[in-house]
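Assemble chains F and E onto chain C, guided by the hints.
Residue strings, one per chain:
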Amino acid sequence: MLEYFLSFLILTGALLTFIGSLGLVRLKDLYTRLHGPTKATTLGVGSLLIASSIYFSTYTENISLHEVLITLFLFITAPVSAHLLAKAALHSSLYSIVKIPESDAADDSNTADVKPVEPEATPDRPSRPDY
Amino acid sequence: MTRLLPHPLLTPVLTGIWLLLNNSIEPGHILLGFLLGWIIPVLTIRFWPEKAVIRKPMTLLRFGAIFLYDIVVSNFTVARLILGNPDKLTPVFVKLPLDLTSDLAISLLASSVTLTPGTLSARLSTDRSTLLIHALNETDPDALVATIKQRYERPLKEIFESC
Amino acid sequence: MLTVTIQIAFALVTAAVIMSFYRLLRGPDMPDRILALDTLYINTIALLVLLGIYLGSALFFEAALLIALMGFIGTVALCKYLLRGDVIE
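Just so you know, the protein sequences line up as chains C, F and E, in that order.
For the first sequence, our numbering assigns the number 1 to the initial residue and increments by one for each residue that follows.
For the second sequence, our numbering assigns the number 1 to the initial residue and increments by one for each residue that follows.
For the third sequence, our numbering assigns the number 1 to the initial residue and increments by one for each residue that follows.
Just so you know, not all the hints are guaranteed correct.
As the list claims (entries may be wrong) - Listed below are the simulated EDC-like cross-link pairs for lysine to aspartate or glutamate, each with C-alpha atoms no more than 16 Å apart in a straight line:
#, chain 1, residue 1, chain 2, residue 2
1, F, LYS88, C, ASP29
2, F, LYS149, F, ASP70
3, C, LYS28, F, GLU158
4, F, LYS95, F, GLU138
5, F, LYS56, F, GLU138
6, C, LYS28, E, ASP29
To be verified - So these bits of chain F aren't anywhere near chain C, every CB distance computed over 12 Å:
#, residue
7, LEU9
8, LEU35
9, LEU36
10, ILE40
11, ARG46
12, PHE47
13, ARG55
14, LEU98
15, ASP140
Keep in mind that the hints were calculated from the coordinates and are not lab data.
The structure presented is a predicted model; accordingly, all values stated were derived computationally and were not measured.
From the three backbone atoms N, C-alpha and C, an ideal C-beta is built for every residue, glycine too.
Here chain C stands alone, though its shape is the one from the complex (with noise of 0.2 Å):
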């Protein structure tokens, strides 16, 4: 029974990690490529390493736990990563399949004494379609 159990969260962790990183090859733009990785990858780590920490806690004599961390570190990480791609790629004006918004297009003030590091981040960039 627990064996089924595990096989089912292998199996489901192994498969959203798949479908996470096919987001990455199959979607259009980096903006819309930032939601598989973040959400569908962190998940299926997760519970691959839950079905470790049962694993581990079941045919071992102590209890291990220790997988927990891990998850948890994930879960606080992917969003500010997440987060912090997003305001590179906003920063840099990257090609969206869709219209930023005026204001958030071009650099904000936080960023605007220090000079970009490519010389072609200009927002007026013309967008790339090809990906």
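Same frame as chain C, but now just chains F and E:
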């Protein structure tokens, strides 16, 4: 009291992390964990600009439960959207006007928006009044804003800044 | 039963690694590559956890934890570089 124990919440959290890291509940580890949980907040007090005050623990628990449920639902929603035809997606940028003022509440809201169905927080405006949200497949931006405000922002406001 | 499941899971996660590697090579822009690296390290954690269950060894946990920590710091540093032109201000 505040000098010796600057963050009463941080100490048990650090102790818990130490025990999880060592994967044991031996008395020695509990003692060492408490020692670390006490000394780290005292030494790093300067790095904690804001003091978190939880006003309504029960609301926080309920928010956590709703949040966990939403994470699971969102994962399967996004998985279905990825497997579907990518040309049929209607992504959109939405501006969410914020009622929250404290840093911690805003960052929690941004993280919850990212982890829940089809939405991603992209940028906080410099005056902290609006949050730019990218939705993967949404046709009604107003309904999305209303849902986020009602489902996540209100409980967070009650928990961290009710007055 | 469990062995077969883990082997299927290995195949799926390896395919995920290959796909994020494709995005890493293909680009087309810096944030895309950083996102691919981010996904790559999360996939690697999944692979390590699976290997841990497969071999029945808890030793892989530390490696997975370290990859999680370093991967997050790497992503943040790269994003910071794109945003500010500098990692440490």
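Of the hints given before, which are not true for this structure? 3, 5
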